[in-house]
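Undergrad: If you're matching them up, the sequences are chains W and B in order. Under this note's numbering, the first residue of the first sequence carries the number 47, and numbering increases by one thereafter. Under this note's numbering, the first residue of the second sequence carries the number 548, and numbering increases by one thereafter.
Just so you know, the hints here were simulated from the structure itself, not pulled from any lab data. Computed from a predicted structure; not experimentally measured. We put the CB at the ideal spot given by N, CA and C, even for glycine. Where hints are given, some of them may not hold.
Some chain W residues judged to face chain B by a derived CB distance under 7 Å, without partners named [to be verified]:
{"id": "1", "residue": "Arg90"}
{"id": "2", "residue": "Gly93"}
{"id": "3", "residue": "Gly97"}
{"id": "4", "residue": "Gln132"}
{"id": "5", "residue": "Ala135"}
{"id": "6", "residue": "Gln136"}
{"id": "7", "residue": "Arg139"}
{"id": "8", "residue": "Val141"}
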Amino acid sequence: MSALQISQGSSKHSAYELRDPHAEVIESHTLAVIVDNEPGVLARVIGLFSGRGYNIESLTVAETDHQGHRSRITIVTTGTPQVIEQIKAQLGRMVPVHEVHDLTVEGSSVERELALLKVAGKGESRIEALRLAEIFRANVVDSTLESFVFEMTGAPSKIDAFADLMRPLGLTEIARTGVAALARGV
Amino acid sequence: MSQQMAPSQMTGAKMVVQALKDQGVEVVFGYPGGAVLPIYDEIFQQNEIRHILVRHEQGAVHMAEGYARSTGKPGVVLVTSGPGATNAVTGITDALLDSIPVVVLSGQVPTFLIGTDGFQEADTVGITRPCTKNNWLVKDPNTLADTIHQAFHVATSGRPGPVLVDIPKDVQFAEGTYIPPQKARTQHYQPRVKGDLDAITQLVELIEQAERPVLYTGGGVINSGPAACQLLCELADASGIPVTSTLMGLGAYPASGKNWIGMLGMHGLYEANMAMHDCDLMINIGARFDDRITGRVNAFSPNSRKAHIDIDPSSINKVIRVDLPIIGDVGHVLEDLLKIWKSRGRKTNREGLARWWKQIDDWKAVNCLAYKGSGTVIKPQYALQRLEELTRGRDRYVTTEVGQHQMWAAQFLHFDGPNRWMTSGGLGTMGYGLPASIGVQIAHPEALVINVAGEASWLMNMQEMGTAVQFRAPVKQFILNNERLGMVRQWQQLLHGERYSHSWSESLPDFVKLAEAFGCKGIRATHPDEVDDAIRAMLDYEGPVIFDCLVEKHENCLPMIPSGNAHNDMLLPDGDVRNAIKGAGGALV
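Using the sequences and the accompanying hints, generate a full structural model.
TA: Here it is in structure tokens:
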């Protein structure tokens, strides 16, 4: 995985790997941003998105390098290709930002999200919920006579699908972490 | 008694002063208050750094901007917590929009009071996060010196801009280890300065072939330094390519240069805007396709290849899609560009260029700056022409406020070198010019510093005349007084059916008496015949002057590209300006 090409200043493949600049199509991109884990860094990144009117679909952040005090922020954002390029350039020029990776264009990547779902019910619907959870490989992490808490990990779409199925069966609460993503391969 | 402190052990307040000295700071613009008293105590006990006491913190930042813009060195501001910091926000935002290196040091309530709504507490780093390049809250005296050195590095590296270091009062009292600049933490923030050589070679190829090239230069050339301006002149003069510039870039290429075709943009020259519209190669050097420049984006220079040299990657393709981006410092890129162009035989498309210049000369013949003279009323353009004439050849610096007078100054005053023209371009801050002129004068005590002002803008920070008088800064406040908010009035005429809603002042001060109240000289001119003598009196007076020039009240600033129009669709002096802005343009500013 190489860092965003912007710093190379090359024009041969357009400094930005812009695909179709005039397309007004809205794309979804997953960005991994490596930052100094210092006070206010998350506010700085979020402030960029709100201040310039960009979208955040999902955001996760945690320190990934304790010795170097680096955090990895994974942002799923949407916009036209021109807006996506702006977002990357704007992130790239922030002082505490070390690297910006667009996992959507830098080859394939794996994306996973963790969700906890509380399903309340009795009788047949309770058994059905448990059966579906098994199919989706969700684990039961808490159980009472009238409820389950399921834990599941997967692509966001899989969690969406599971939540849709649980809704008629008594889904009362859901907590999701947002997407964590890594590029495939070395 | 404790044992004697090692030389690198000192209080936070002492560290601040030491760090400023080690950074080569000569002047600090500031205003004391509870949360910065320890630093002021250290300032009192030394003589190397001069402190200029302002009258309002906004003025301090504008002075620092004027200082920075006229010297190329970062300006330094010292303010207290709470209102001290919030008052500075307009100036900080102004510096961000115009890429001016300014280091703001703010006091903060002690760390143990942060978050308790303490007296004069404000979330300064929170408030200034979106209007600085970066900011820091220092909670440990051992990181204070390092942070200040980093702040100077960030403010002056890459695309310059304002930074802020927030220092709680207990950190100023506490002792810690001082770190000199050489030992400060290695910065990962190192923006690229060298441009890609392949891309530069491609640009040289385009220059060699272009029939109708134009150099569109901006503030980035001036920020890159005098050497970059020199290289720009060399490129333009050797290749014969016409040069236009944004408001921020005036002076990078001399107005007396043979390739100069004037400022472009909303109130730019007809020939410059037409050249931008009709060119086949646009070379943007350190400008950012601001909306004052582009007019209607989808009609912007429809048939040109566009190259863009900028140190900030986020400037590329932000507004206008370019064909050839070159990310790097203007000076470095121009140096490589000239080297490559010369090594390939200094080729240009001579025939094409000759036809292009003929076309430009035809556009120049339109004489877009023409105005109707008057024998009884002072025309603002006339006043500026006389000011230009009577100050020509002098070591002159000009600042402005914001509005019609600013555009007229840009049109009628000529700048033959960089760092001579200080104006609020991006943010358009009324009240910028007076404090900026003081900052310039502090940096250049012997020079002639003139603030071309409108009376409305000037009133916004007029308290700084006190600063000018106290520090014997002989700034000349050249106020074109039309008793109107001229540009607002012009837009109301153009867009709002001549309904002049709140665009005039009914109780202006007597500026001559005001000058006397401040302890400086007031001069008034009311008739065209008085202008020359009055300007001479202003120039001859050794101290600060407030010059009240009563001008035509309803003069329009032309030419003008009305909002929503293309470059080749300008209002010229003899056009009908009533309701000139129509349709979607009305929603634009």
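Undergrad: State for each hint whether it applies.
TA: Results of checking the hints against the structure:
no. : hint   : verdict
1   : Arg90  : holds (6 Å)
2   : Gly93  : holds (5 Å)
3   : Gly97  : holds (5 Å)
4   : Gln132 : holds (6 Å)
5   : Ala135 : holds (4 Å)
6   : Gln136 : holds (5 Å)
7   : Arg139 : holds (5 Å)
8   : Val141 : holds (4 Å)
Checked against the numbered hints given earlier, the structure satisfies every one of them.
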